[in-house]
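The lines below spell out each chain.
Protein chains: 2
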Amino acid sequence: MKNPIIGIDLSGGDHDPEGRLQAVKKFSKEQKNIDIRLYIDDQYLSNKQHLFAGLAKQITIISTDQAIFMDDSPLKALKKRKSCMSLAIKDVAEGRADVVLTAGNTAAMVAFAKHWLKPLCDIDRPALATLLPGTGKRTLLLDVGATLDYRADDLFNLARMGSAATQSLGLGVGQPEVALLNIGVENTKGNDAVQQANRLLESSELNYLGYIEGSSLFDGYADVVCCDGFVGNIALKACEGIAKLIKISSGKSRMGKLLGKFNAFNFNPSQYNGAMLLGLDGLIIKSHGNCDEFAFKQAIHQAVSSARTDIILNMKNTLGG
Amino acid sequence: MKNPIIGIDLSGGDHDPEGRLQAVKKFSKEQKNIDIRLYIDDQYLSNKQHLFAGLAKQITIISTDQAIFMDDSPLKALKKRKSCMSLAIKDVAEGRADVVLTAGNTAAMVAFAKHWLKPLCDIDRPALATLLPGTGKRTLLLDVGATLDYRADDLFNLARMGSAATQSLGLGVGQPEVALLNIGVENTKGNDAVQQANRLLESSELNYLGYIEGSSLFDGYADVVCCDGFVGNIALKACEGIAKLIKISSGKSRMGKLLGKFNAFNFNPSQYNGAMLLGLDGLIIKSHGNCDEFAFKQAIHQAVSSARTDIILNMKNTLGG
Chain A
1 MKNPIIGIDL SGGDHDPEGR LQAVKKFSKE QKNIDIRLYI DDQYLSNKQH LFAGLAKQIT
61 IISTDQAIFM DDSPLKALKK RKSCMSLAIK DVAEGRADVV LTAGNTAAMV AFAKHWLKPL
121 CDIDRPALAT LLPGTGKRTL LLDVGATLDY RADDLFNLAR MGSAATQSLG LGVGQPEVAL
181 LNIGVENTKG NDAVQQANRL LESSELNYLG YIEGSSLFDG YADVVCCDGF VGNIALKACE
241 GIAKLIKISS GKSRMGKLLG KFNAFNFNPS QYNGAMLLGL DGLIIKSHGN CDEFAFKQAI
301 HQAVSSARTD IILNMKNTLG G
Chain B
1 MKNPIIGIDL SGGDHDPEGR LQAVKKFSKE QKNIDIRLYI DDQYLSNKQH LFAGLAKQIT
61 IISTDQAIFM DDSPLKALKK RKSCMSLAIK DVAEGRADVV LTAGNTAAMV AFAKHWLKPL
121 CDIDRPALAT LLPGTGKRTL LLDVGATLDY RADDLFNLAR MGSAATQSLG LGVGQPEVAL
181 LNIGVENTKG NDAVQQANRL LESSELNYLG YIEGSSLFDG YADVVCCDGF VGNIALKACE
241 GIAKLIKISS GKSRMGKLLG KFNAFNFNPS QYNGAMLLGL DGLIIKSHGN CDEFAFKQAI
301 HQAVSSARTD IILNMKNTLG G
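Going line by line, the protein sequences match chains A and B. Residues in the first sequence are numbered from 1 upward in steps of one, following my numbering. Residues in the second sequence are numbered from 1 upward in steps of one, following my numbering.
Each hint should be verified, as a subset may be incorrect.
Claimed, not checked - The calculated BS3-like cross-link candidates involving lysine-lysine, where the alpha carbons are at most 30 Å apart (straight line), are:
id, chain 1, residue 1, chain 2, residue 2
1, A, Lys-244, B, Lys-247
2, B, Lys-29, A, Lys-247
3, B, Lys-48, B, Lys-25
4, B, Lys-80, A, Lys-244
5, A, Lys-247, B, Lys-76
6, B, Lys-25, B, Lys-80
7, B, Lys-247, A, Lys-247
8, A, Lys-137, A, Lys-48
9, B, Lys-76, B, Lys-57
10, A, Lys-82, A, Lys-25
11, A, Lys-114, A, Lys-244
12, A, Lys-2, A, Lys-29
13, A, Lys-57, A, Lys-137
14, B, Lys-76, B, Lys-29
15, A, Lys-137, B, Lys-137
16, B, Lys-114, A, Lys-137
17, A, Lys-79, A, Lys-118
18, B, Lys-244, A, Lys-244
Keep in mind the hints are simulated off the structure, nothing from the lab. Computed from a predicted model, the values in this text were never measured in an experiment.
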């Protein structure tokens, strides 16, 4: 797919949409051949009309008066069928957009995705997948927060899905190497779900390496690492926390200040914003709710480049075959 | 307790015990008034006699021919009652040592701790607790790997225990502030165990703040943060992984190299080595299995300073009252 149509849900998120809107404006100036469908709450649109003046012609605005809040339960959110998030995901389901990006309520996003989109082959629990930073081979970590309380067979399907996604993204040579995230690498380690999934994976046709510990996540040890969405989300956010602490600590020293000026600190979690929701017949990209303009722009790029790989079509071929 | 007797289990761990032995030797030169009971495998002792020549007189060697391996299941390990780990923990139970330090198999350590030591008051599941690095207030994170699959009432007891431990350590003013680690701060977020524990904690007498996300772990937001041992272990190790990546990435730039020379990079996970096993009537400190000499020496200091706070006695008073 050369130039995907991208749906961008500006509602929700932890902050006012202005930073995200600026990101859309900058992106549309740089990439004039990408059509954008922009979903926005009526009230914001009428209150901030000046921000929408002179919008590029490839941006179509869709506005609505139903808002989803960050603390809405999935059940409550699902009743708001005319919310930005619902309309945006429905547009992917019905072919009016090729990919949708949102910084809104994750649980609501998963609920609408399951409502409007068909499952991908035999996958019944979708997962959020993100490419981890690294100096060598990049690792795809999933699930980072779509589905909680994985059973062994869910973890097994997660590994199949991660392997298919990595192949589609052109990462890894041949059969992607898959590992399970655990508290130790020995066979006796871990909770019941992980130990049972380990046995299922050992007798599967996947290129399964066994367990991996949190400390090896950024070593490029495996192409794909699988874990429960609760664990993956907390681990990833803890990494953001420690990166922030290291930046603050280093910034306090004289050399750290100098380093900051030279911008040698080349790890910035915002740079990696944009996780793919996999396991459904349509592509959704989730931005960090707490994103700023830079981070949201990175997520827009992520949405476009993921759509360009035709990842859903390729995964369907791999998983269905 | 002024000068605790410390038991040090040199067996197990991910590497040969030599680095750990060097740490013991250096420590005993610096702190001549601390008696050490050193547990070591017979075979290592006879093969490496030269390393044990001229050992300080305050070090007593206890050797045995039963070895626990890193991949022994707890059940298999428990049969080795004459192993270093078993003897060391038994010595704490019977008053021959005030604290024991080990870098061995965590699950075996927990099994022996439950076997030889009485539970602390009504706590039935022990937890590993570690002080997180931070620039301001330090946070106690528990559980980082002793017990997996926490139910809601276990998480509630974990919060009680963490609050009591923090008071004993003299951290936090008055009633320690307690938070639950979750994937979001809204009430609707999280798995069932976390949501139920949240309700129990809201109606408790603890100074409960609610949920905290991984990204805020190092902000000094709470005095105590509670989570399942599976989640805590993976989050903590992922932080080690990203810290290593940042160090490597920065080291590659010219300014990063300069920074390295000035040692401004003041976050080193080894510095924080030594987690306390809490919930039993005896003090055990767990070193990272993958520790080097520096990290093990930090854990020895951690063991001595924890014993000096009389943490077990103080926790008994708080929890029992």
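Hint check results:
With a C-alpha separation of about 14 Å, the suggested pairing of Lys-244 (chain A) with Lys-247 (chain B) holds against the 30 Å cut-off. For the suggested pair Lys-29 (chain B) and Lys-247 (chain A), the alpha carbons sit about 36 Å apart, so the restraint of at most 30 Å is broken. The suggested pairing of Lys-48 (chain B) with Lys-25 (chain B) holds, with an alpha-carbon distance near 15 Å, which does not exceed 30 Å. For the hint pairing Lys-80 (chain B) with Lys-244 (chain A), the CA-to-CA distance comes to about 45 Å; that exceeds 30 Å, so the pair is violated.
Taking the CA atoms of Lys-247 (chain A) and Lys-76 (chain B), the gap is about 45 Å. The hint is violated against a cut of 30 Å. At roughly 28 Å between alpha-carbon atoms, Lys-25 (chain B) and Lys-80 (chain B) fall within 30 Å of each other, so this suggested pair holds. Simply put, Lys-247 (chain B) and Lys-247 (chain A) have alpha-carbon atoms about 11 Å apart, close enough for the 30 Å limit, and the pair holds. Distance hint between Lys-137 (chain A) and Lys-48 (chain A) is unfulfilled; the C-alpha atoms sit about 44 Å from each other, more than 30 Å.
For the hint pairing Lys-76 (chain B) with Lys-57 (chain B), the CA-to-CA distance comes to about 35 Å; that exceeds 30 Å, so the pair is violated. A distance of roughly 25 Å separates the Cα atoms of Lys-82 (chain A) and Lys-25 (chain A); the hinted pair therefore holds under the 30 Å criterion. A distance of roughly 34 Å separates the Cα atoms of Lys-114 (chain A) and Lys-244 (chain A); the hinted pair therefore is violated under the 30 Å criterion. Simply put, Lys-2 (chain A) and Lys-29 (chain A) have alpha-carbon atoms about 18 Å apart, close enough for the 30 Å limit, and the pair holds.
As the CA atoms of Lys-57 (chain A) and Lys-137 (chain A) are separated by approximately 39 Å, the hinted pair breaks the 30 Å bound. For the proposed pair Lys-76 (chain B) and Lys-29 (chain B), the alpha carbon gap of about 37 Å is over 30 Å, so the pair is violated. With a C-alpha separation of about 37 Å, the suggested pair Lys-137 (chain A) and Lys-137 (chain B) falls outside the 30 Å cut-off, and the hint is violated. Using a Cα cut-off of 30 Å, the hinted pair Lys-114 (chain B) and Lys-137 (chain A) is violated, with the two alpha carbons roughly 42 Å apart.
Under the criterion of a C-alpha separation no larger than 30 Å, the hint pairing Lys-79 (chain A) with Lys-118 (chain A) is consistent with the structure, at around 19 Å. Proposed proximity of Lys-244 (chain B) and Lys-244 (chain A) is supported: the alpha carbons are some 14 Å apart, at most 30 Å.
Of the numbered hints listed earlier, those contradicted by the structure are 2, 4, 5, 8, 9, 11, 13, 14, 15, 16.
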